[in-house]
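Turn these sequences into a full structure, and let the hints guide you.
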Amino acid sequence: EQALVHFQTENTDACPKSLSALATEKYLTKEPLDAWGQPLTFRCPGEKNRDGADIVSRGEDKQEGTADDIKNWDL
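Each residue of the sequence shown is one higher than the one before, starting from 1 at the first, in the numbering used here.
It should be emphasised that the hints constitute simulated quantities derived from the structure, not laboratory data.
Quantities reported herein were computed from a predicted structural model and do not represent experimental measurements.
Here a beta-carbon is modelled for each residue, glycine too, at the ideal position from N, C-alpha and C.
Heads up, a few of these hints could be off.
Calculated lysine-lysine pairs in the PhoX-like style (CA-CA distance at most 20 Å, straight line) [stated by the list, open to error]: (1) 30 with 17; (2) 48 with 71; (3) 17 with 48.
So the derived label-pair ranges between C-beta atoms look like this [as the list claims (entries may be wrong)]: (4) 18 with 73: 17 to 25 Å; (5) 67 with 25: 30 to 38 Å; (6) 61 with 10: 30 to 38 Å.
The structure is reproduced here in structure tokens:
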């Protein structure tokens with residue numbers, strides 16, 4: 001989320017295309033993966049965080065929309 005805020009303050013675009021774009025443009029050192037080595041789901045603008053992004057780990061079962069999902073708006 002901090003990389004997204006940094007991106008938004010330096011760019012006219014409200015949202016980067018992806019987390020990969022944040023890494024390519026050096027806002028992140030590398031594309032983040034969750035604790036299970038899976039890419040995070042990134043939606044910008046977010047449905048929950050309209051001024052930012054929704055970032056979701058699909059959790060241990062690797063299925064989005066299940067009880068073990070980890071969502072940045074719940075943290």
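Evaluated hints:
1. 30 with 17: 15 Å, holds
2. 48 with 71: At roughly 10 Å apart (the allowed maximum being 20 Å), residue 71 and residue 48 satisfy the hint.
3. 17 with 48: 18 Å, holds
4. 18 with 73: 17 to 25 Å: 19 Å, holds
5. 67 with 25: 30 to 38 Å: 34 Å, holds
6. 61 with 10: 30 to 38 Å: Holds - the Cβ-Cβ distance for residue 61 and residue 10, about 37 Å, lies within 30 to 38 Å.
In summary, the structure agrees with every hint in the numbered list given earlier.
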